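Please model the complete structure; the sequences and the hints are all you need to start from.
Numbered by mature numbering (1 follows the signal peptide of the UniProt record, and there is no 0), the letters in the sequence shown go through residues -21 to -1, 1 to 243 in order.
Everything labelled a hint here was simulated from the structure, so no lab data went into it. Since the structure is predicted, the reported quantities are computational estimates derived from the model, not experimental observations. A portion of the hints provided could be inaccurate.
[Stated by the list, open to error] Simulated pairs of lysine to any residue, SDA-like, Cα-Cα distance not exceeding 20 Å:
| no. | residue 1 | residue 2 |
| --- | --- | --- |
| 1 | Lys63 | Ser103 |
| 2 | Lys63 | Gln15 |
| 3 | Lys71 | Ala52 |
| 4 | Lys62 | Ser113 |
| 5 | Lys71 | Gly109 |
| 6 | Lys71 | Asp115 |
| 7 | Lys71 | Ser108 |
| 8 | Lys71 | Gln97 |
| 9 | Lys62 | Ala52 |
| 10 | Lys71 | Ala6 |
| 11 | Lys63 | Ala50 |
| 12 | Lys62 | Leu23 |
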Amino acid sequence: MVYLFTLPVALSLGLLTFTTARPIPRATDFSGGTGQGTYYDTGLTSCGQTYTDSDLIVALSHLFYDSYPGATANPNNNPVCGKKLTAHYQGKSVTVTVADRCTGCAMYDLDFTPTAFQALADLSVGRISGVVWSFDDDSGSSGSTTSSDDSSSSTGSTDDGSESAGANSARSLIVTSGDFPAQGASGSDSSSSPPGGSEKLDSSSVNSAGPIAEPSPASTITARSPSPTISDRDMPNHSSAATVSTNAGQRRRSVWARELAFTL
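In structure tokens:
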């Protein structure tokens, strides 16, 4: 019975003995940090530019440089290149431009040019600890983004206006004389609508001083020439023709009578 109780206890103790705590990785703060400062002889940098030891530039840790948001396999195109940061150490400060990548640096370490390092400490020191630094252009970047958004808003307003104008011009209606029957023609019916269920346009709705009401989307206006209308004036006067024919016959009979009388 004693062994039955001691076995689970021994197993639990063994598990506890071999269990080790793992540290939770801390998220990288890309606005700045605290680390060590060193200096090096510069030249052609990872950002693709060539500098001298008198330039105020700095190399970031390869851990920070490679994981910076927007970084690609090409180090020359890293968006961190050209950013300015200010480093503080024991009451002194220096503002430098990011231009290079340091392979032997920890996450927040900075590797300066000799001139930049001298603004914080003497070159004979070689390495300083507790350098606090942060980027200077974060607010400037957000400002430029706001300016870009304003520009986009202005462009959007212009586009909306153009689209509205285009829609209005597309809905414009051109009315010609062929859309209405001839006025004054007898026998014509101006109220009759075109065949095929097309919408009818009444001449009273056309106003030269104002816009023409646009039709509903479901209907279309078919421009068609009106049917020819024949008025009474276009028809021959049969009664007049008969009268002329009768008069001509009477004249022929009169001439014949006179010729007959002359012969006799």
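Going down the list of hints, with the structure as the test:
1. Lys63 - Ser103: violated, 26 Å
2. Lys63 - Gln15: holds, 18 Å
3. Lys71 - Ala52: At roughly 36 Å apart (the allowed maximum being 20 Å), Ala52 and Lys71 break the hint.
4. Lys62 - Ser113: Judged against 20 Å, a Cα distance of about 10 Å means the pair holds.
5. Lys71 - Gly109: At roughly 12 Å apart (the allowed maximum being 20 Å), Gly109 and Lys71 satisfy the hint.
6. Lys71 - Asp115: holds, 16 Å
7. Lys71 - Ser108: Status holds; Cα separation ~13 Å.
8. Lys71 - Gln97: holds, 10 Å
9. Lys62 - Ala52: holds, 19 Å
10. Lys71 - Ala6: Measuring from Cα to Cα gives roughly 28 Å; hence the hint is violated.
11. Lys63 - Ala50: The given pair, whose Cα atoms are some 17 Å apart, holds under the 20 Å limit.
12. Lys62 - Leu23: holds, 17 Å
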